[in-house]
Every structure is written in C-alpha cells, then in structure tokens.
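K.L.:
So the chains spell out like this:
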Amino acid sequence: MSVGSAGFGDLRPDFPLLAASPGLVYLDSAATSQKPRSVLDAICAYYETANANPHRGAYKLSGAATDAYHGARATIARFLGAADPDTLIFTRGTTESMNLLATAWGRSHVHRGDRIVVTRLEHHANFVPWQQLARAVGAEFRICELDEAGQLDIDQLRALVTANTKVVAFGHVSNALGTINDVRTIVKIAHAVGAVAFCDGAQGAPHLRVGFDALDVDAYAFSGHKMLGPMGIGGVIVRRKLLEAMPPYQYGGDMIEFVFDGDSTYNTLPHKFEAGTPNVEGAVGLAAAVKYLDAVGMDVVRTHEMELSRYALARLREIEGLVVQGPATAEQRSGVVSFTLGDIHPHDLSTMLDVDGVCVRAGHHCAQPLMRALKVTSTVRASFYVYNTTADIDALAASLRKAKDRFGAHVG
Amino acid sequence: MSAELDELYQSIILDHNRRPRNFRVMDNASVHADGVNPLCGDQFTVWLQLDGEQISDVSFQGSGCAISKASASLMTAAIKGKTKAEAEQLFEKFHGVVTGKHPEGAESLGSMKALGGVSRFPLRVKCASLAWHAMRAALGQDGTPPAPVSTE
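Those sequence lines, one after another, are chains Z and L.
Note that the working numbering has the first sequence beginning at 1, numbered continuously upward.
Note that the working numbering has the second sequence beginning at 1, numbered continuously upward.
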C-alpha cells in the first residue's frame, strides 16, 4: 500500500523536491517539512507582483505589500483559531517566540522568589530561555518529570505549580518522543494559581487542530517551516492584555509611535512587537501553507499520521532489539517515533539508512535534559507528515534490518 | 550503493568498535584531554604518558559511534612509541585521507587506512577526528590549552 490511508491520495506530487526524487524516503518532518508547489508559487508571486516595504510608502505598491503581509496574518490566525489577528506576532520561529516571551514578558513579570515551571519534555528553545530568566532574576526553576508511561506527571505538575508560580511553559507535542500533552489540563493548573500558561506549539500546530481561543492558553508559539511553510517565519499568539502589559522585545523602525530625544512611545499591536522590515515573503508563504493544510483538513492530517504511527510502531517492534521511546500507543503520540536498535549508535544507523535514501534524525533532538532522564545519549527519530505513506515506513524497516545484519548488533 | 558502506564499515572498523584497544583509564598519565561532540553526545578522554618527547603509553575511554570509537582505538595503537612530532605528522596524513584532500597518504597509514572510507561521508569526518583532536589538545599541539575540545 503506498497511498495515504486517511481519505486522500498520495500528496507527493504536490511537493517538487519529493516529486523530483522518487527514491527519497523523507522521514524528518519534525526537523523541517517539505514545501508544496503552492507555497513556492505564492512566494514568487509576491515578489513578482507586490514587493515593496510594507507600512512605509504612500504609493500603491507599498499598500499591496502591506495587504499581503496582514492578509497572511489574518489567514494564519484563523487557521490557528485566534479571533484577533493583531495578537499574532510574527517572529523567525518558535525559538524567537519563546525568547520574546521569556524576555519581554518574563523580565517585567518574574521576580526574585517567584517560580517558573517547565517540563522534562522541553526542546532547548523552551527550556534554556526560562532557565536563564530564573538565573537572571533569582527565581526558582522547576521541572515537571514524566511518569512511568512516559507521559507528563500531571500530579507532580499540580504539586509544583504553587502560589508563587508565575509561568508554566510547556510543549504541545514533544519533538523528541511525539508525546501529546493535554493543553487544557495544564492551562487549568496554571490558571488556578494565577500563573500564565505558555505553549511551545512547534510540533503541535503542524499536526493537530489548535483552536487557540478555545484552549484558553496565554500564548502559543509556532514555526512556519515545520508546517509546509518557508524557513525564517513563525510566530506567537498571545492574549491581548498580556501583550499590552509587556514592554517591546526589540526596538527600531515600525514598532514606534513617537521618538523624542529622551524617550519614545510605541505603536499599536501587532507592530509594537515587530521591529524592522518584516518577513513578508515568509508570511505570504506560510499563509499558502496553512491554506494547503486547510484544504487537506487538519482532522484528516491527524488521522493519517496516527495511522502511519500505528503502522510504524507495529513494523518497528517486529525488529528484535529495537526499543521505541515514548508513549506506547499511536493515540498518545504525534507522527514521531524515536528509537534505538541494539547497541548500534544512532549516527551509524543514520548513515546506513541514508545510503538507502532514508532520511531520519539521529541525536539528542535539542532535548538533552530529556535524553539524560531517559538514560540514552541519542536516538534515531523518524517523523511523518502528509506526504508520507506506509511504503516509506516499509523502506525504513527494511533498511534497519540491513543495518542490523551489517553490524551484527548486540540486542541483549 | 552499499559498496560505500562496505568501505566505511570495514571489518577492522567493526572489530575496533566492538573490542576497542587501549580502552582504559590511565592513572599515571602525563597529560589528558576530553573530546566532545555535543551534537551527537560523543565523548572521549585520551590519556598520554610522555617520556621526554616520546609517547610511551596512550589510552582512551568514553562513548561514541562506531567511527569515532574505532578511530580512537586505531589511533592509540598507531601513536604508541612515536614522538610527539611523529604523532602530529601522522595526524596530518590521517586528516588528509579522511577529508579526501590527500588520499595518497592512505598507503602509509597502516591499519588506519581502513578509515579512508570516511572521505565519502563528509558528515562523519568529525567522528573520525574526535579522538585525534583530544590527543592534540592534550599535547598542546592544537594551539589551545588542555581543555575539552569540540568537533562541533
């Protein structure tokens, strides 16, 4: 079977890089996704018909660029379930979004003796900014651990989120293990003590229907390049009253209202948080990407990836010595399967798979605190998206068996 | 395609990965240094015992991929008894071979020529070089004071 199983056909022809490389088995979409033709065309069309510096000129072309940029913002906000597009701040991606929150909000709201809570599952981008904020202001930095089933220990989280907790920063989906967190429950725990709940959605937005307003979360960050869009664009949706209470993150053009010799006043949302000439091509490309995802349907995307995960878990577990990390079932995880094979080092595995055209990630997945807790230095990670099929997983399994034969792996 | 892999993972490499030589802590070492690759978590310590200019003993310990471990093991066997200057010359020859810049050096590398296959996999050159960089750091031959070196 090589056709998508969730009600849509093979989408590979829509992706020029994949269409041009029939032998390529791309299983690293958690690192970055491939881009459909419609995204590439939208970027070209922007430069061919509407390129100028937005907000600056009084001429029509600048107006066209401004419309393209804010039209993209509205499209992406709607896709993520946010009614107020001006609360979507464009950034370079989730990393910059989390740094924006930890700096602009954190430096003005977290003080000595306050507590910051993160989880063991976090990517470095949602770990280090909070760790360093805590060190800088003298706040407590606490990490919620995983339970024996590899899920976030919600009871421990309840105990950790004390009255002096100001922020709970957590990932929607673990990039290393695929674990899906229960956003609503975590938000309730944070709000019960008056803390804010900030969600790193880098691995959530590409794969799950988000519904920002319904989640009641205070901020949700995402990266465009992991959801079929170009690199260098992403954003964070933040509740309006938080944005209004935060100082700017960066200073410069576009974000100011009046500049006097001694002080300045700032522009309205979203401009207050978008200093300098914006990444219009990125925003336009990302808007085309979410339109593509909308056309497929996020519920269909989820079903497809769950079926691929279920198939992958079954096929990989047939290989003696292969140990899958993370949640036991496909329902509890996104399209990410992280594993080790006997005593073969993940980098050796990755090289051997690469020779068969199978692209996987090997390493610590920018989650060293998690890897240390799992007592592994690194794993191999296969991750799936809309263009993957069960044939890709068959190719992965076949290549893994060849690698095991070559190394004569010790599996005991 | 798997001819490339046959060349990369020759039996001598797999053997040195499985049964690394000189794989021990050296208590009475003259110098030592760590080599780390934070990207993949590979981490080795190299110990050297010096008798004047001569490397009278060398050992290593740590964890890493087959390429980095086998390369470390082969290195210890190759430089034991050599002078510091000879070890440095060997490094330069080795580096020319694994980077593919001077493949002609392979014939004088002895069993280390098995690592020549690395030149077909540019992403793995840092694996093959890790222990060498640690050795050079320990000897102060890389221009830095003895401290952890990184190949990332």
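Please note: incorrect hints may appear among the correct ones.
Below, a list of computed lysine to any residue pairs in the SDA-like style, where the Cα atoms sit at most 20 Å apart [unchecked claim]:
{"hint": "1", "chain 1": "Z", "residue 1": "K404", "chain 2": "L", "residue 2": "I12"}
{"hint": "2", "chain 1": "Z", "residue 1": "K402", "chain 2": "L", "residue 2": "S108"}
{"hint": "3", "chain 1": "Z", "residue 1": "K402", "chain 2": "L", "residue 2": "P38"}
{"hint": "4", "chain 1": "Z", "residue 1": "K404", "chain 2": "L", "residue 2": "D15"}
{"hint": "5", "chain 1": "Z", "residue 1": "K404", "chain 2": "L", "residue 2": "R19"}
{"hint": "6", "chain 1": "Z", "residue 1": "K404", "chain 2": "L", "residue 2": "E4"}
{"hint": "7", "chain 1": "Z", "residue 1": "K402", "chain 2": "L", "residue 2": "E7"}
{"hint": "8", "chain 1": "Z", "residue 1": "K402", "chain 2": "L", "residue 2": "L39"}
{"hint": "9", "chain 1": "Z", "residue 1": "K404", "chain 2": "Z", "residue 2": "S264"}
{"hint": "10", "chain 1": "Z", "residue 1": "K404", "chain 2": "L", "residue 2": "R18"}
{"hint": "11", "chain 1": "Z", "residue 1": "K375", "chain 2": "L", "residue 2": "Q43"}
{"hint": "12", "chain 1": "Z", "residue 1": "K402", "chain 2": "L", "residue 2": "E4"}
{"hint": "13", "chain 1": "Z", "residue 1": "K404", "chain 2": "L", "residue 2": "S2"}
{"hint": "14", "chain 1": "Z", "residue 1": "K375", "chain 2": "L", "residue 2": "D15"}
{"hint": "15", "chain 1": "L", "residue 1": "K126", "chain 2": "Z", "residue 2": "I319"}
{"hint": "16", "chain 1": "L", "residue 1": "K126", "chain 2": "Z", "residue 2": "V355"}
{"hint": "17", "chain 1": "Z", "residue 1": "K404", "chain 2": "L", "residue 2": "Q10"}
{"hint": "18", "chain 1": "Z", "residue 1": "K402", "chain 2": "L", "residue 2": "Q10"}
{"hint": "19", "chain 1": "Z", "residue 1": "K404", "chain 2": "L", "residue 2": "D6"}
{"hint": "20", "chain 1": "Z", "residue 1": "K375", "chain 2": "L", "residue 2": "S56"}
{"hint": "21", "chain 1": "L", "residue 1": "K126", "chain 2": "Z", "residue 2": "D354"}
{"hint": "22", "chain 1": "Z", "residue 1": "K402", "chain 2": "L", "residue 2": "S11"}
Honestly, the hints are just simulated from the structure, not real lab data.
Quick caveat: nothing in here was measured; it's all calculated off a predicted structure.
K.L.:
Of all the hints given earlier, name the ones this structure violates by number, lowest first.
P.N.:
2, 3, 8, 9, 14, 15 and 20
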